[in-house]
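Position chain D relative to chain B; hints supplied.
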Amino acid sequence: MFPNIDHKELPRALQHMLERGQSTAAQALPRRSFLKLTGALGLTIGVFPHLAAVQSTRAAETASSLKPTEQPAAFVQIAPNGEVTVTVNRLEFGQGVHTALPMILAEELDADWTLVRSRLGTNDAAYADPLFGIHLTGGSNTIKNSFTQYRELGARARAMLLGAAAARWNVDVSTLRTEAGVVLGPEGRRLGYGELADVAMEQPVPGQVTLKDPKDFRIIGRPTGRLDARAKSSGQQDFGIDFRLPGQLTAVVARPPVFGARIASLEDSAARAVKGVKAVLRVPLDRGAEGVAVVADGYWQASQGRDALKVEWDTSAVDKVDSEQQLAQYREMATRPGPRQFDSDMAPLEMAPLKLEAEFVFPYLAHAAMEPLNCTVRLSDDRAEIWMGSQSAGLDAGAAAATLGLKPEQVVVNVQMSGGGFGRRFSSTYDTVIEACEIAKAAKAVGLNAPIRTLWSREDDMRGGYYRPMHLHRARIGFDKEGNVLAWDHSIVGQSILTGTVFEQFMVKNGIDAATTEGMRAPYPLPMRLTVHHPEVNVPVLWWRSVGSTHTAFVMETLLDDIARATDQDPVAYRMRLFGDQHTSHRDALHLAVDKSGYGKTQLPAGRAWGVAVHESFSSVVAYVVEASVTDGQPKLHRVTAGVHCNLAVNPLTVEAQVQGAAVMGLSMCLAGSAITLKDGVVEQSNFSDYTVARITDVPEFDIHIVPSAEPPTGMGEPGLPPLAPAFANAVARLTGKPLRQLPFNLT
Amino acid sequence: MISLNINGREHEVDVDPETPILWVLRDTLGMSGTKFGCGAALCGACTVHLDGEAIRSCGTPISAVESGKITTIEKTTDGTDRVGAAVHAAWVRHDVAQCGYCQSGQIMSATALLASLSPGAQPTGEEIDSAMAGNICRCGTYARIRAAIADAASTLV
Numbered sequence: 001m002f003p004n005i006d007h008k009e010l011p012r013a014l015q016h017m018l019e020r021g022q023s024t025a026a027q028a029l030p031r032r033s034f035l036k037l038t039g040a041l042g043l044t045i046g047v048f049p050h051l052a053a054v055q056s057t058r059a060a061e062t063a064s065s066l067k068p069t070e071q072p073a074a075f076v077q078i079a080p081n082g083e084v085t086v087t088v089n090r091l092e093f094g095q096g097v098h099t100a101l102p103m104i105l106a107e108e109l110d111a112d113w114t115l116v117r118s119r120l121g122t123n124d125a126a127y128a129d130p131l132f133g134i135h136l137t138g139g140s141n142t143i144k145n146s147f148t149q150y151r152e153l154g155a156r157a158r159a160m161l162l163g164a165a166a167a168r169w170n171v172d173v174s175t176l177r178t179e180a181g182v183v184l185g186p187e188g189r190r191l192g193y194g195e196l197a198d199v200a201m202e203q204p205v206p207g208q209v210t211l212k213d214p215k216d217f218r219i220i221g222r223p224t225g226r227l228d229a230r231a232k233s234s235g236q237q238d239f240g241i242d243f244r245l246p247g248q249l250t251a252v253v254a255r256p257p258v259f260g261a262r263i264a265s266l267e268d269s270a271a272r273a274v275k276g277v278k279a280v281l282r283v284p285l286d287r288g289a290e291g292v293a294v295v296a297d298g299y300w301q302a303s304q305g306r307d308a309l310k311v312e313w314d315t316s317a318v319d320k321v322d323s324e325q326q327l328a329q330y331r332e333m334a335t336r337p338g339p340r341q342f343d344s345d346m347a348p349l350e351m352a353p354l355k356l357e358a359e360f361v362f363p364y365l366a367h368a369a370m371e372p373l374n375c376t377v378r379l380s381d382d383r384a385e386i387w388m389g390s391q392s393a394g395l396d397a398g399a400a401a402a403t404l405g406l407k408p409e410q411v412v413v414n415v416q417m418s419g420g421g422f423g424r425r426f427s428s429t430y431d432t433v434i435e436a437c438e439i440a441k442a443a444k445a446v447g448l449n450a451p452i453r454t455l456w457s458r459e460d461d462m463r464g465g466y467y468r469p470m471h472l473h474r475a476r477i478g479f480d481k482e483g484n485v486l487a488w489d490h491s492i493v494g495q496s497i498l499t500g501t502v503f504e505q506f507m508v509k510n511g512i513d514a515a516t517t518e519g520m521r522a523p524y525p526l527p528m529r530l531t532v533h534h535p536e537v538n539v540p541v542l543w544w545r546s547v548g549s550t551h552t553a554f555v556m557e558t559l560l561d562d563i564a565r566a567t568d569q570d571p572v573a574y575r576m577r578l579f580g581d582q583h584t585s586h587r588d589a590l591h592l593a594v595d596k597s598g599y600g601k602t603q604l605p606a607g608r609a610w611g612v613a614v615h616e617s618f619s620s621v622v623a624y625v626v627e628a629s630v631t632d633g634q635p636k637l638h639r640v641t642a643g644v645h646c647n648l649a650v651n652p653l654t655v656e657a658q659v660q661g662a663a664v665m666g667l668s669m670c671l672a673g674s675a676i677t678l679k680d681g682v683v684e685q686s687n688f689s690d691y692t693v694a695r696i697t698d699v700p701e702f703d704i705h706i707v708p709s710a711e712p713p714t715g716m717g718e719p720g721l722p723p724l725a726p727a728f729a730n731a732v733a734r735l736t737g738k739p740l741r742q743l744p745f746n747l748t
Numbered sequence: 001m002i003s004l005n006i007n008g009r010e011h012e013v014d015v016d017p018e019t020p021i022l023w024v025l026r027d028t029l030g031m032s033g034t035k036f037g038c039g040a041a042l043c044g045a046c047t048v049h050l051d052g053e054a055i056r057s058c059g060t061p062i063s064a065v066e067s068g069k070i071t072t073i074e075k076t077t078d079g080t081d082r083v084g085a086a087v088h089a090a091w092v093r094h095d096v097a098q099c100g101y102c103q104s105g106q107i108m109s110a111t112a113l114l115a116s117l118s119p120g121a122q123p124t125g126e127e128i129d130s131a132m133a134g135n136i137c138r139c140g141t142y143a144r145i146r147a148a149i150a151d152a153a154s155t156l157v
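Just so you know, the sequences run in chain order B and D. For the first sequence, my numbering assigns the number 1 to the initial residue and increments by one for each residue that follows. For the second sequence, my numbering assigns the number 1 to the initial residue and increments by one for each residue that follows.
Be aware that a few hints might be false.
List of simulated lysine to aspartate or glutamate pairs, DMTMM-like, C-alpha gap at most 25 Å [unchecked claim]:
{"no.": "1", "chain 1": "B", "residue 1": "Lys636", "chain 2": "D", "residue 2": "Asp16"}
{"no.": "2", "chain 1": "B", "residue 1": "Lys310", "chain 2": "D", "residue 2": "Glu127"}
{"no.": "3", "chain 1": "B", "residue 1": "Lys275", "chain 2": "D", "residue 2": "Glu66"}
{"no.": "4", "chain 1": "B", "residue 1": "Lys275", "chain 2": "D", "residue 2": "Glu53"}
{"no.": "5", "chain 1": "B", "residue 1": "Lys275", "chain 2": "D", "residue 2": "Glu10"}
{"no.": "6", "chain 1": "B", "residue 1": "Lys275", "chain 2": "D", "residue 2": "Asp14"}
{"no.": "7", "chain 1": "B", "residue 1": "Lys481", "chain 2": "B", "residue 2": "Asp343"}
{"no.": "8", "chain 1": "B", "residue 1": "Lys601", "chain 2": "B", "residue 2": "Asp632"}
{"no.": "9", "chain 1": "B", "residue 1": "Lys636", "chain 2": "D", "residue 2": "Glu127"}
{"no.": "10", "chain 1": "B", "residue 1": "Lys310", "chain 2": "D", "residue 2": "Asp16"}
{"no.": "11", "chain 1": "B", "residue 1": "Lys636", "chain 2": "D", "residue 2": "Glu126"}
FYI, nobody ran anything at the bench for these hints, they're computed from the structure.
Only chain D is shown next, with the shape it has when bound in the complex:
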């Protein structure tokens, strides 16, 4: 049994330690908000936070988590996280999603970016692009993602 802290709760899972976080979330724990896109840390659909940093859960085995705290889209957008709530609201306001499949990962990357800024700071366009460059959206919602992140940042001031 391996112990994992996910969204503030301890979970005991009986899986191969090499199993990526993604599949423990999705198949073992039934938390399907985190998406499978490429299985090779190339598209960002599976992005979660490990101790507040955006990581690709499809390429991170649970053995690497140790005592780290995993946060997923379900927690980040449940209204209890100030930055997550601002990002979620901006995503809805800008009608960002099309198919929506990559948006969990996009929101997790965006939230990590905004949480990393010093209080009141606005990300530059380059900072937004650079933070989001690992997240593919095949529908091409990028323009609205940019606008939503800038807007979310302005509401956090």
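Chain B extracted, bound-state conformation:
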């Protein structure tokens, strides 16, 4: 959901944030506040292991030498009945970390899985990414970065329980062992974790812990149903939009039709007359824009009030983007020299026996998560409490503090379960939280002190920007009859996502945004020259599930297929030849997909063709072998076989789900109508009527296989997306003889 980041670069990122005054609220939050928070959540008594108790023991030194992210107190609570509640340091928005992280912790704790529960955290420093030091759900990083962290947390808590049992029985700790939530001692003695939790609180928190041998894992690696499955299958799961405080009001915002525009005139008497409307407020919006918030008892009254507003907008000072003109400009830019990501001798291109020229176009894409954006703010003179589905709780808290004129430690962000997000819930400008805070502030200024939930309509969400950027790629490739690429001259034009964000300093180098070029060339040993242009456009852009790979994988994997086809080579064999004896993960994933699909062995029904693609993103590799057909110009995807390499699969059931889901999102990109376009500065789409996302009738059969591995796990939230569209396109091209050069597909 946001690009690959080398954690060694993080200190510079933090420095950058501090310079921008967006320090994470959490890091300034006193530990006492954390305790108060824990108590306020009203979990069963026997909160374990209590930080205050820990700090009062002789082990205070050990405990305090651990970072907040290493303190079991912030992550594990054990109730007297043995229920273990694990706090998740990320946003859960479908990807399954709400189950996978507790699995990891429970493994080392030796918990009884049937008694494990899960909850989401806050912007407290304990819940920062342990490698990055900022709160972050993105880049498919959760499992990758928190695997060891959660194992150690579980092992520390287990050691404290063992210490408690040893004290209780007056035996040496070496005579004890644990099993599924129970400490077992000499002479058949046994005590449940719930019975030991009180005493365990007094135990020292160990710094160093010994972790299990992976061959002894009994929870990690086992296909495990989600902890939230029942609640999510009965309407009982609360999401951010469902959070409700007594007396809470709802705000909707009339936003300008063009990004950054302001109010010329406002007539709001009819809006104020709508039953249930409490206030109409002019509020500053993102990008210097201005809007009108209508605050009412509920969403319907607020939106009726908004409909009754008479607003004239002043769009004179802002650029009005027209997608067609923009494409013409991009096309022209692609021919110009510019900064180069890769450089290689292009002289062989002109002399090459075979040549290929291609232009690719990719539109803006909306995340279109099912739960519209929302944020609830309760504001008092010296404190703000916020409830929102945030991928970046610390940065959102910092932005809220700056907006409200509070100190960072006066803001708490309670991370709420979210109905999707795909990157949109980490706004690089914090637009969602800032807007909600501006509304709360304006309401308070007119004497309205109720908590306010700002809720976006679907149209607000669809037209609200922060899209996957539009891109144009241009390739000129020279190769020989064996398919050896002699020179590959490539240009990409597209807005930079990371410029102006906390990641700019170390992800934008020499004028090239790494989020634009990720997925280009690698892992193929190609003599490529890659020129990049980043135009500035009055359309806000953002990371979108798998980020740069949403377009680079399509370009790379379809062009390689073109070369294979032009030189009469099998697309699998051709890729394998390019991998050589390197890139084991790619080879294993592709082999597995090919083997399980029947490719090369099974004769497909008439009218169907195979398509293949393989791509690495976020350190995981996914290969697809698909079957597709074309009827009356309509492409149809029938079957997808996947080979997945994510090292150790913590929860294979979730890995399968993530691959299916990412593939469906990749399929969406191919479908007619999956594009955001602008005319005269106005976004032309508004809802699911004119912005296509895949429905059940579009969806193929899936057969997903994971390459066995015991290596430390990598993430799977995003890597299933990039190779789907090129695999589908390659199958279609085999049927029509014509390569596809744009998303969504255009077969005319």
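Just chain D now, kept in the frame of chain B:
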């Protein structure tokens, strides 16, 4: 005051008759299991049953309900409805949900489909797809939705 029969109980609500069922459920009655997705009957997240038929509550004003009986996800999956219980169990068994936001609507559409079949009948793949085509899942749980519906149907035989 308008009288509404929701999940077998009479409710008196003092709202504009043009208010969609969705917002009466969510904001007036505090029943948040039914979700807001699009506000335009395009995504199915708000699906409820009106006299047993799946409808989009975001696009149906309460004035259109009259004496009709509204059933929501809370009632359908509370264990008292045989078909609803089978669908809920299959959803859990197949680990269908990802973010879970659309699943109330998916389950309401699936339950309406299975309840409409003659006793013992199994829905075909086409029938499942056709009944579920109005429900968007951006997480892409469709393959498991198909499997769960077929499985739920088999447990109802």
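The hints, checked one at a time:
As the CA atoms of Lys636/B and Asp16/D are separated by approximately 46 Å, the hinted pair breaks the 25 Å bound. With a C-alpha separation of about 47 Å, the suggested pairing of Lys310/B with Glu127/D is violated against the 25 Å cut-off. For a cut-off of 25 Å, the pair hint linking Lys275/B to Glu66/D stands: about 22 Å separates their Cα positions. Of the pairs offered as hints, the one joining Lys275/B and Glu53/D is violated, with about 32 Å between alpha carbons and a cut-off of 25 Å exceeded.
The suggested pairing of Lys275/B with Glu10/D holds, with an alpha-carbon distance near 24 Å, which does not exceed 25 Å. Of the pairs offered as hints, the one joining Lys275/B and Asp14/D holds, with about 11 Å between alpha carbons and a cut-off of 25 Å not exceeded. A C-alpha spacing of about 24 Å is found between Lys481/B and Asp343/B, which places the hinted pair at or below 25 Å, so the restraint holds. Pair hint Lys601/B plus Asp632/B does not hold up; C-alpha atoms about 28 Å apart against a cutoff of 25 Å.
Between Lys636/B and Glu127/D the CA atoms are separated by roughly 19 Å; this keeps the pair inside 25 Å, and the hint holds. Among the hinted pairs, Lys310/B with Asp16/D is consistent with the structure: their alpha-carbon atoms are about 22 Å apart, no more than 25 Å. For the hint linking Lys636/B to Glu126/D, the alpha-carbon distance of about 15 Å falls within 25 Å, and the restraint holds.
Consistency note: the structure conflicts with the earlier hints numbered 1, 2, 4 and 8.
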